[in-house]
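Can you build the whole structure from these sequences, using the hints too?
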Amino acid sequence: MSLSWRALAACLVVLIAAPLLLPEFYVTLLDYIGLATLVALGLVVMTGVAGIVSFGQQAFVGIAAYTTAGLTTLAGWSPWGGLVASLACVAACALLIGLVTLRLSGHYLSIATIAWGIAIYYLFGNLPLLGQYSGVDNVPAVAIGGFAFDTGRKSYVLIWAFAAAALLAARNLLDSRSGRAIRALRFRSVMAESCGVDTSALKLVVFVHAALLAGLAGWLHAHYLRFVSPHAFGVNAGIDYLFMAVIGGASNVWGAVVGASIMTVLKEWLKDLLPKLFQHTGNYETIVFGVLMLLLLHRTRDGIAPALARWLPSRTALPPPSGAREPPRRVRPAAGTPLLQVQGLQKRFGGLVAVKDLSFSLAAGEILGLIGPNGAGKSTVFNLVSGTLAASGGAVHLLGERVDRLPSRAIARRGLARTFQHVNLVSRMSVLDNVALGAHLRGRKGSAAAMLRADRGEEASLLAEAARQIERVGLAGYMMDAAGSLPLGQQRVVEIARALAADPVLLLLDEPAAGLRYGEKLALAALLRRLRAEGLTILLVEHDMEFVMGLVDRLVVMDFGEVLAAGLPADIQRDPVVVEAYLGGIE
Amino acid sequence: MNGNIALWLAQDGVTNGAIYALLALALLLVFAVTRIIFVPQGDFISYAGLTLGTLQLGQVPGTVYLLAGGGAIVASIEAAAALRAGKSTRLPRIAVVQLGVPLAIAALAAWAAPRKLGPALQMALTLAIVVPLGPMLYRIAYRPLANASVLVLFIASMAAHYVLTGLGLVIFGGEGLRSNAISDAKFDVGILRIGAQSVWVVAASVVCMTALWLFFERSLYGKALRATAINRVGARLVGIPTALAGRLALALAATIGALSGILISPITTIYYDTGLMIGLKGFVGAILGGMGSYPLAALGALGVGLLESFASFWASSLKETIVFTIIIPVLLWRSLVSRHPAVEDEEE
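Sequences listed follow chains A and B, in order. Everything in the first sequence is counted per my numbering, starting at 4 for the first residue and increasing by one. Everything in the second sequence is counted per my numbering, starting at 28 for the first residue and increasing by one.
Calculated from the structure, these hints are not laboratory results. Among the hints, a few may not be true.
What the hints assert, rightly or not - Where chain A lies over chain B, by a calculated footprint (3+ residues, C-beta under 8 angstroms):
#, stretch
1, 197-207
2, 249-256
As the list claims (entries may be wrong) - DEER-style ranges, computed between Cβ atoms:
#, chain 1, residue 1, chain 2, residue 2, range
3, A, 490, B, 112, 28 to 36 angstroms
4, A, 201, B, 240, 43 to 51 angstroms
5, A, 136, B, 84, 24 to 32 angstroms
For each residue, glycine too, the CB sits at the ideal point set by N, CA and C.
Next comes the structure, spelled out in structure tokens:
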């Protein structure tokens with residue numbers, strides 16, 4: 004047992020011993036921290052990791068608290084029935100708000116959450132049934148069998164049992180197939196879609212997860228305080244929760260505990276200190292919180308948990324166990340089968356025609372090079388074929404099926420994998436996780452299975468597959484490094500490994516050799532030949548003519564969005580039209 | 028409801044709607060130029076309303092301390108930057124512009140307050156005190172985050188709002204103030220009795236919007252701001268400093284916020300935290316208008332004013348709930364008609 008693990012064990016002992024040893028005041032404070040941790044945890048995953056900012060979590064806390072308070076006091080339900088009803092109510096509201104706003108840009112959601120928080124606050128404050136601004140009292144305590152959690156010390160056990168379970172579940176979630184996709188949501192959703200991730204659905208999952216955690220906190224709040232009033236669910240509460248998540252940072256789920264502890268303790272202390280200073284009561288603590296938050300945003304946007312994390316056990320990332328079962332493979336079409344047909348493809352950006360009536364086709368087992376001067380429209384063609392962009396006209400068939408109206412994740416499911424011209428990796432995630440994201444469609448375990456760790460067998464096989472592909476492209480030494488720390492050329496190779504992890508039938512490579520040294524280019528060319536021999540079909544955009552000419556079976560030359568010439572490499576090299584397009588002709 | 032009441036409610040709604048429209052335009056402007064969702068706009072409303080009210084009582088408003096303090100902070104930030112860059116020759120200019128001017132305004136306010144000048148001078152003084160706080164806020168809170176994402180800037184806005192509201196409580200206390208109307212006259216138009224203050228509000232809003240339009244269409248600074256809004260990098264390449272654009276945008280937003288505060292303070296009692304709700308209704312208006320078009324935003328804001336007014340008649344206790352819930356169906360409609368996927372934030 005290392006020193007740091009002993010520190011963690013000591014923390015756990017302190018947490019368990021706290022209610023037995025501490026005076027009532029501190030136990031109460033810890034109860035509040037536990038409640039805030041639940042809400043902040045949802046925000047760490049949603050805001051910190053997935054980049055969805057909500058200022059309205061207090062509304063979900065409030066909905067749950069009022070639902071359970073109303074049902075237990077007015078209708079005589081048991082608190083456990085109240086829990087089910089609260090969470091159902093919160094989930095329904097979150098689904099509605101999420102569906103309405105998640106498709107729009109991020110700030111719409113954030114503004115909507117503020118507006119909705121205000122609306123709910125005034126609703127609670129004005130409904131006679133719910134006691135208007137004086138609230139609902141005489142809410143019963145939660146009981147199991149005959150044991151009621153009716154004091155601060157007993158509630159401590161209940162609150163922290165839920166908080167600890169939620170923390171573990173969230174940690175498990177982030178360390179899974181879904182977790183990799185969630186970590187790509189913030190900056191890399193286009194790439195995630197191209198790996199087959201339904202990013203809209205995943206955002207909704209993350210949003211509902213955060214709302215459910217807030218709802219759980221609301222249920223605990225109602226039965227712990229035995230009283231519910233709208234004042235606990237005002238606009239400022241929502242801002243405070245978000246600040247907790249920002250303070251804690253997104254590096255790991257324990258940031259939620261750090262953020263919740265700092266804000267709760269600081270608030271308690273300032274509420275005591277500041278009114279004495281100003282000789283009035285009021286929310287003076289907002290000044291300190293605001294200044295603190297601005298300084299934090301100015302200095303570091305990672306929160307302060309990373310600084311604290313140095314004192315905690317560092318999880319030495321272990322390479323995946325070798326010998327895990329290989330994930331299912333696709334049946335590759337026989338060599339020579341027509342694989343991709345592009346007919347009359349068009350793309351207009353406003354008045355600019357980037358691709359104009361382009362046609363070509365690819366048979367299984369061949370490498371086709373797409374070349375042309377800068378601005379010829381090659382990358383646009385890639386984006387159209389892979390479904391990242393919607394075509395303005397024409398048709399694309401993959402294995403005989405029309406795919407040009409499909410989103411990129413559906414095309415990925417049909418066996419197309421791609422790399423990006425501008426490297427598109429989640430830079431803070433390890434090379435292994437980045438490549439495993441490519442194998443997303445080869446697994447099927449969802450977020451719930453991940454939280455319960457019911458996904459370990461599949462996860463091991465996905466990671467082992469990712470590791471195999473990383474070894475195959477020659478980056479085994481970098482497997483556990485953050486993808487962003489690699490040189491740009493190597494990052495492109497990581498993209499290739501990610502595409503290979505999808506077990507594609509068609510591979511689209513956008514300038515794979517850019518930034519590679521001579522030896523690395525030779526290795527890459529050898530790899531691509533080997534892949535062709537295995538029956539993989541490759542469409543390649545590349546500027547390095549030496550690399551292209553020695554590798555491809557056929558070439559399509561593009562200029563100004565049109566096919567300039569097509570044929571065998573040797574013929575293309577002699578084609579006067581191509582020479583003119585590249586070298587500007589001979590005057 | 029009879030026609031009389033409907034007309035009366037409509038007049039009330041148009042008056043408030045005119046203010047929301049002005050605020051919605053300012054919010055759009057700041058967002059387009061700086062990508063800041065300017066939540067602190069509301070605090071400028073409170074500051075101006077309370078500053079005017081305090082001046083009318085013949086007392087020195089607490090905002091002068093913020094002005095002096097903000098000036099000192101900005102001056103020290105700029106001085107430190109100048110010294111780091113080895114350009115100590117800039118120090119005198121920094122001292123005069125960043126510290127001297129705010130102190131002079133504060134001194135003027137301290138001299139003028141007990142003398143209870145006329146309403147026009149009091150309003151001018153209120154603007155002189157409150158408006159410089161806008162560029163100061165930009166320099167202190169936003170400038171270090173100029174390259175951050177929209178969402179980080181949004182969080183910063185919430186933090187700035189927290190600070191300004193807390194300071195508002197410190198300098199003005201929890202008591203509300205209502206300032207004197209510019210005129211108490213009433214005009215009878217048919218069956219409708221129109222208060223002069225309503226006419227003032229609507230007229231001032233229309234004048235402001237026209238002035239904004241002229242500024243953006245005709246002046247060089249306005250064109251520079253529009254260029255920055257369309258393409259930040261391009262604007263910088265042709266020599267438009269983004270920092271200047273940011274200061275200018277926040278100065279305009281502060282002016283509009285302060286004007287709104289001055290206009291609305293005779294109609295409703297202003298507390299240190301009243302502004303947030305008024306400002307957010309401007310946001311709702313801007314969202315109803317699609318967060319892109321200025322005329323639509325103004326129209327949306329007018330709609331918010333009318334909705335609020337009629338909601339207060341039918342279901343007065345649920346007025347706020349109705350006004351803030353309206354954006355949900357509007358966003359639903361927008362998300363159904365929008366075909367483009369959300370733009371990805373750039374990694375920082």
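#### Entry: Assessment of proposed distance window 43 to 51 angstroms (beta carbons of residue 201 of chain A, residue 240 of chain B)
holds, 44 angstroms
- Check whether three or more residues of the stretch 197-207 of chain B sit with their beta carbon closer than 8 angstroms to a beta carbon of chain A. Check passed, 3 qualifying residues.
Cβ-Cβ distance between residue 490 of chain A and residue 112 of chain B: within 28 to 36 angstroms? Distance hint for residue 490 of chain A, residue 112 of chain B holds at roughly 33 angstroms.
Q.
Given a hint of 24 to 32 angstroms, does the C-beta separation of residue 136 of chain A and residue 84 of chain B actually sit inside it?
A. Since residue 136 of chain A and residue 84 of chain B have Cβ atoms about 31 angstroms apart, the given range 24 to 32 angstroms holds.
Open item on the list: For the stretch 249-256 of chain B, count the residues whose Cβ lies under 8 angstroms from any Cβ of chain A; is that count three or more?
Closed with: violated (count 0)
Of the numbered hints listed earlier, the single one contradicted by the structure is hint 2.
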